[in-house]
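Trainee: From first to last, the protein sequence lines are chains A and B. Under the numbering used here, the first residue of the first sequence is numbered 645, with each subsequent residue one higher. Under the numbering used here, the first residue of the second sequence is numbered 322, with each subsequent residue one higher.
The hints are simulated quantities; they were obtained by calculation from the structure and are not laboratory data. There is no bait here: all hints are sound.
DSBU-like, lysine-lysine: derived pairs with alpha carbons at most 30 Å apart:
hint: 1; chain 1: A; residue 1: 748; chain 2: A; residue 2: 712
hint: 2; chain 1: A; residue 1: 688; chain 2: B; residue 2: 503
hint: 3; chain 1: A; residue 1: 748; chain 2: B; residue 2: 365
hint: 4; chain 1: B; residue 1: 401; chain 2: A; residue 2: 754
hint: 5; chain 1: A; residue 1: 754; chain 2: B; residue 2: 405
hint: 6; chain 1: A; residue 1: 742; chain 2: B; residue 2: 405
hint: 7; chain 1: B; residue 1: 503; chain 2: A; residue 2: 748
hint: 8; chain 1: A; residue 1: 748; chain 2: B; residue 2: 405
hint: 9; chain 1: A; residue 1: 742; chain 2: B; residue 2: 355
hint: 10; chain 1: A; residue 1: 742; chain 2: B; residue 2: 401
hint: 11; chain 1: A; residue 1: 742; chain 2: B; residue 2: 453
hint: 12; chain 1: A; residue 1: 754; chain 2: B; residue 2: 503
hint: 13; chain 1: B; residue 1: 365; chain 2: A; residue 2: 742
With the C-beta cut set under 8 Å, the calculated list includes, among others, these residues of chain B facing chain A:
hint: 14; residue: 358
hint: 15; residue: 360
hint: 16; residue: 362
hint: 17; residue: 363
hint: 18; residue: 445
hint: 19; residue: 478
hint: 20; residue: 498
hint: 21; residue: 499
hint: 22; residue: 501
hint: 23; residue: 502
hint: 24; residue: 505
hint: 25; residue: 506
Virtual Cβ for every residue (Gly too), placed ideally from N, Cα, C.
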Amino acid sequence: MKAKLNSFIGSFLCIIFLSGCTAVTTIDEYRPTNESIRLDKTEKVVILGRRDAGHYETDSEFIDCVSKKINTANVRVVAEQTFIDSIYPWFEPRTAPKGLPRLKRLMQEKVVRERVTQQNIRYLVWLDGSTETMGQGGSISCAVGPAGGGCFGFAQWDKISTYDATVWDLVELTEKGRLRVDSEGTSYLIGAVAPIPLLTPVKSDACGSLGNQLKKFFTVD
Amino acid sequence: MRDNKRKYLCKLIFVILILQLGACGSVTNVTVNKSFPAVLSTPKEVTVAIVFTDEFSGYSGTPNNKTTIDLGSSQVNLFKSAFKGLFRDVYFLNEQTPLPSDTEMVISLSNAEVQVATPSENYLNVFEVWLKYNLSVTDSDGRLITNWFMPGYGKTPNAFMYSKENAISQATNVALRDAGAKLLLDFYRIPAVNQWLREKSSESKAQ
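Let the hints inform the model, and build the full structure from the sequences given.
Mentor: Structure, rendered in C-alpha cells:
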C-alpha cells in the first residue's frame, strides 16, 4: 500500500515538473493575399539572418534549424553561408539591403542579378530575432569533499524567443509575407545530490513552429 | 593512510589553484588564417599598383597588453581579392619594387588601429573587434589624391562556449570581411577618387 502511494506521488510530481517544461508559442502571420507563394521545381529559397543590430544577432544555429525544417524534396533551400560567400560583398551585416527600395537598387547591379539567377534563387527569407534568458530565481550550490560531493538547491529561469520572418520575391521584387513567432517557457534545475535539469526547449519550439508555418507558405508547381 | 590521502588532496588543490591563477594572467595570441570569398563586382579600367609594406604584411595588432592579433597574411589575402574586384589591372608590390610604367594610381595601405572589447568591458554578451586602415592614394607621379581612413567592425553572435582566442579570431574575421566590403562599395564614392576618375576619363576622351 505504502509502495503504491510512493509511486503515485512520484509520478504526480514528475507530471507536474514535466508539464512545467513546455513552451508557449504564438505565431502571427501576415500575407497580402490568401494565395500561397508559388515555387517552380527548379527554384530555390535562401534563409538569411539579420546581423546589423548592436546588441544581438540572429544566430546561424537557428537559421540552420529553420532551413532544415523547410528543406524538403519540394522546397530546396540554399545554405546561408554559401549564398553570402557567393554574393560577397553585397550581403554582409552592414551592406545587406534592409528594405525593398534598397533591394530593387541592388538587383539593378548586373553582376548581382546574374548571380541570383544563376543559383535559381527565387525567394529570400529574412529572419530577425534572438533567444534571451529573462527572470532567474533560486539558487543551487555544489560541493566536493573527501567523502564525496553533490549539489543542493533549486534554480529556475525563463527564456523568450522572438523571431520575425520576412519573405521577399527576388524576381517580382515584392514582399510576399511576414511571420512572427514568440515562444516562452521556464526551465528548472533541481539539486538533489545529482543536478537534475528540466529544460524547456524554447528555441527549438520557436524553430519548429516557424519552419512548419513557413513551409505552408510555399506551393511547388 | 588517511593523512596521506589528505596530503594528496591538498597538493591537488594547490596545483589546481596555481593553474587557475596562471590562466588569469595569460596573454592571448590570436591567429586569423581565413581565406576570403571571391569578390562579385565589375572592375574599372584603371591600372593600379597596391603597395603592401613589410610592416603591413607581417602586422600583429596589440589592442591591449594582454592580446596580440596576427593579422598580416589574412589582411593581405583579403585586400588582394578586394582590389582585383575594383580594378581591371592590379600590381601587388612591396615598397622596394619599382612601379611598372603603365601604373595610373598607387595605393599604400597601413594599419591605423586595432581595438577589442570583451563581454566584461562592453557589458554585452559579445566579443567585438574594430580595425582601422589608412589608404594613401596617389597618382603615378606621387601626387596625393586622398588619404582615406577605412573602418571594419566585427562581433561574435554571443560569448557562450567560445574561448577568448576563438572569439576574438571569429570577430576579427568578420571585421576583415566588413573592411573588404566597405572598400569595395565605398572606394569609388570617395569624392577625390571620383573626381580623379572623371578627369582621367575626360583626358582620354580628349586624346
